[in-house]
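For this one, chain A is given, so just place chains B and C on it according to the hints.
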Amino acid sequence: MLCRLLKHDFTYSAKTFLAMGAIAIAIAFIMAITSDAINQMEGDFIYVLMMVLMLGIVGMAIAAIVQIFQFYHRSFFSHSGYLQFTLPVRRGTQLASKLIVSMAWFLYALTVAVVAIAIIIVIADGVEFRDVFPTMFNTQTLVTLLDLFFLAIAAIALMFFCITLAHSVFFNKRIHGIISGIIGFLYTGLAMWVVNLLQGRYLARETIERIDINGGITAWDRYWPQVGLEYGRLVVYENEFGWHIFIDIYTNAAMLGFAALAIAATWYLLKKRVSLR
Amino acid sequence: MEKILEINGLHKNYGKTHAVKGISLDVEKGKIVGLLGPNGSGKTTIIKTIMGLLSDYDGNVAIAGTTPGVAANENISYLPDVSHIPNWFKVNQAISFFADFYKDFDAKRAENMLDSMNIPRDKKIKALSRGMQEKVQLSLVMSRRAKLYILDEPIGAVDPASREFIISTILKNFNEEGAILLSTHIIADIEPILDVAVFLKEGQIVLNDDVEKIREEKGMSLDQLFREVFKNVV
Amino acid sequence: MRGDFDNNQPIYQQIIDRMIAAIAKGDLAPGAKVASVRDLALQHNVNPNTMQKSLAKLEEMGYLYTERTSGRYVTQNLAVVEQLAARVPEKIIGDFVAQMIDFGMAAPDIPGRVSDYIERMDYNGKNIGN
Numbered sequence: 050m051l052c053r054l055l056k057h058d059f060t061y062s063a064k065t066f067l068a069m070g071a072i073a074i075a076i077a078f079i080m081a082i083t084s085d086a087i088n089q090m091e092g093d094f095i096y097v098l099m100m101v102l103m104l105g106i107v108g109m110a111i112a113a114i115v116q117i118f119q120f121y122h123r124s125f126f127s128h129s130g131y132l133q134f135t136l137p138v139r140r141g142t143q144l145a146s147k148l149i150v151s152m153a154w155f156l157y158a159l160t161v162a163v164v165a166i167a168i169i170i171v172i173a174d175g176v177e178f179r180d181v182f183p184t185m186f187n188t189q190t191l192v193t194l195l196d197l198f199f200l201a202i203a204a205i206a207l208m209f210f211c212i213t214l215a216h217s218v219f220f221n222k223r224i225h226g227i228i229s230g231i232i233g234f235l236y237t238g239l240a241m242w243v244v245n246l247l248q249g250r251y252l253a254r255e256t257i258e259r260i261d262i263n264g265g266i267t268a269w270d271r272y273w274p275q276v277g278l279e280y281g282r283l284v285v286y287e288n289e290f291g292w293h294i295f296i297d298i299y300t301n302a303a304m305l306g307f308a309a310l311a312i313a314a315t316w317y318l319l320k321k322r323v324s325l326r
Numbered sequence: 127m128e129k130i131l132e133i134n135g136l137h138k139n140y141g142k143t144h145a146v147k148g149i150s151l152d153v154e155k156g157k158i159v160g161l162l163g164p165n166g167s168g169k170t171t172i173i174k175t176i177m178g179l180l181s182d183y184d185g186n187v188a189i190a191g192t193t194p195g196v197a198a199n200e201n202i203s204y205l206p207d208v209s210h211i212p213n214w215f216k217v218n219q220a221i222s223f224f225a226d227f228y229k230d231f232d233a234k235r236a237e238n239m240l241d242s243m244n245i246p247r248d249k250k251i252k253a254l255s256r257g258m259q260e261k262v263q264l265s266l267v268m269s270r271r272a273k274l275y276i277l278d279e280p281i282g283a284v285d286p287a288s289r290e291f292i293i294s295t296i297l298k299n300f301n302e303e304g305a306i307l308l309s310t311h312i313i314a315d316i317e318p319i320l321d322v323a324v325f326l327k328e329g330q331i332v333l334n335d336d337v338e339k340i341r342e343e344k345g346m347s348l349d350q351l352f353r354e355v356f357k358n359v360v
Numbered sequence: 002m003r004g005d006f007d008n009n010q011p012i013y014q015q016i017i018d019r020m021i022a023a024i025a026k027g028d029l030a031p032g033a034k035v036a037s038v039r040d041l042a043l044q045h046n047v048n049p050n051t052m053q054k055s056l057a058k059l060e061e062m063g064y065l066y067t068e069r070t071s072g073r074y075v076t077q078n079l080a081v082v083e084q085l086a087a088r089v090p091e092k093i094i095g096d097f098v099a100q101m102i103d104f105g106m107a108a109p110d111i112p113g114r115v116s117d118y119i120e121r122m123d124y125n126g127k128n129i130g131n
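Heads up: the sequence lines are chains A, B and C, in that order.
When the letters of the first sequence are read in order and numbered with this note's numbering, they come out as residues 50 to 326.
When the letters of the second sequence are read in order and numbered with this note's numbering, they come out as residues 127 to 360.
When the letters of the third sequence are read in order and numbered with this note's numbering, they come out as residues 2 to 131.
20 angstroms max Cα-Cα, derived SDA-like pairs, lysine to any residue: (1) B/234 to B/295; (2) C/26 to C/63; (3) A/56 to B/210; (4) B/216 to A/60; (5) B/339 to C/15; (6) B/155 to B/127; (7) A/56 to B/218; (8) C/54 to C/21; (9) B/147 to B/166; (10) B/298 to C/53; (11) B/129 to B/200; (12) B/298 to C/36; (13) B/216 to A/132; (14) B/298 to C/37; (15) B/252 to A/123; (16) C/54 to C/17; (17) B/155 to C/43; (18) A/64 to B/251; (19) C/58 to B/342; (20) C/54 to B/303; (21) A/321 to B/191; (22) B/147 to A/218; (23) C/54 to B/156; (24) B/339 to C/9; (25) C/92 to C/22; (26) B/250 to A/61; (27) B/216 to A/63; (28) A/64 to A/114; (29) C/54 to B/302; (30) A/64 to B/214; (31) C/26 to C/78; (32) B/155 to C/53; (33) B/252 to A/129; (34) A/320 to A/141; (35) B/339 to C/54; (36) A/64 to B/212; (37) B/147 to B/355; (38) B/344 to C/14; (39) A/56 to B/227.
Simulated from the structure, these hints should not be mistaken for lab results.
Bound-form chain A, shown alone (with noise of 0.2 angstroms):
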C-alpha cells in the first residue's frame, strides 16, 4: 500500500515541485550569463549581484517548504481529504508516506539550490566544472547541509502537526489557524530552549576558518581529516589550518526527537481525531 500510496503522493505534487525548480535553474542561468556584463559596470555591483542571488535562493527555499506544506493541507484538508481518509490505507501508512514525499522534495529542492549556485560559479565566475564541487562541497557546506537536513525533519514535522491540530476536533472556529501557530511557537520554543542545554553553554564553539580558495588549494585536497570523539560530538581536526568543525548530534539527535514527537502527536490526531468539514 505504501508504494501505491507514495507513487500517487508524488505524482500529485511533482508538478508544482519540478516547475518550481525549473524556474530557479533558468533564473540561474539568466543571472550567470548577464552577470558578465553587469560585471563590466561597477565593481561593487558584484556583490550586491550575489546579495540578490542570495535572497533569490532563499526565496526559492521558502517557497519548496511553504509548498510542502500547502501540499499536505491540500492532500488531507481540502476536498482530497475526503478521498485520501476513506481509502482502506492506515493513517500511519498515510503520514508516512506525506513525510517521505515532503523530505524527497526537500532534498530536491537542496539539490536545485546547490545546481543553481553552481551554474553561476561556472558561467559567471569561470571557475572550471571540475573544481566547483571541491570549492562548494568543503567540511563546513557539508555539515551545514547535514544540519539543515535535520533542522527540515523536525520543522515540517512539526508544521503537519500543526496544520492536522487545527483540523482536529479540538478547533471548531476559525481561530484555530492562530491557535496551532501559538501551539506551533511554543513548541518550538521549548525544543530550542532544551537544544541550548544539550550543547551546553560552557563549551566553547570554535570558529571556522575560511579556505583560501582562490589559491586552488582545498583542505580535501591536501590534507586527509582525522575524525575524533570529542564531549560527545563528532570532530573533524583540520592539522595544518588548525580549524574544527563541531557534527552536533546532540542538537541533531535533539531535532529527530523533536520531530518524532511531532509525528506520533499528528499520528494520534490523524488516528483518533480527524474532524473533515
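Then chains B and C, alone, in the frame of chain A:
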C-alpha cells in the same frame, strides 16, 4: 436479514450546535435506503461519521460489524457530495487509481460504463462538463463490489435528464449482496427505486419506513409526504 | 414498458396491473419467458425488491410460474389467459361507466353516446369530427 449498517443513538455536536440528536437506523442487505431531508438536517454529518471523517461522536456505528475506520472503508464505496478525485487526472488515471487501491474494483465495468456514456477516457476530468464529472465519479464508485454504497447527493447538482440516467446507473449496478444508502433532497426522481425512506428533520429521524407501505397507508407519494413533513423547514 | 408509475399509489400493485394487462392482450404470450427480476426492475426503473414482490404475487395469482432451473414464465394455462382477456375489458368498462355516472350521465344514455362516438370514428379508430 443481515444488517450492513447499524447506527445506534448517534449524537454529534459541532461546538454548541447539536447537529445529530440521537438517531438510530439500520440498513439491511439488498436494500436501497434513502436518507432524506433538507439541507442542514444532518444527512452529511451522519454520512461523514460512517466514513470515519468525524471522530468525536457519541453512540454506536457499525458497518458489517466494524467500527468506522480503515477496515470498514474496505467495505464501503463512497460518493461524497464534493468532487474529491484530483481533477487534473485523466479519466483513465482515475480508473487505475481505483484499481490500485480497491481490491473489489472492476475496471472493465467502469470502462464499459463510461464508454456507454460517451465519456472520453483520455481526457482530463476538469475538461469535462459538470454532469460528465458527476457521471465519472458515480461510475467509479458503482464499479466496486462493496458491501455498502454511500451516495451523498448523487443527483443534487445535475440536470433532470442526467438525473434519470444516474438513477438508472445506480439501479443497474446495484449489488444485491450489499446495500445502498443515498442521501438527497430531491425526492420525486429517486422514490421509485427506494426500499426504505428515512426522513431527517433537524438532526432527528421523524420517519423510517418501507416506501410502498407509506404509499399504501398514506395514499400519497413520498415526494408529497416529504413536502408536508418539511413544509415549515426553510 | 418504461417506468412513469404513479408515485401516489403502491408501485407493486401498478406493476401487477400492467403485467396482467400485457398477458391479457397477448403482449406476454402464454409460456413466454419473463425477464429476470433485475432486468425488469431496470426496464421499469423501480426497486428490485418491489419488482420481486409483484412477480411473487403474480405467481401466487397463477399468472406466472417458476421453473426451478430456467426462470419465470407466463402461465401456459390458456383458460386462465382467456378469462383474463375477458376480465380486462370488463374492468375498463366498469371504470368508464363509473366515471360517466360520476359526471352525471344517466346509465341508460351511455350505450347511445358510445355508439355515436364509434360511428364518428374512421377506419383506424380515430375520431374524425364532432
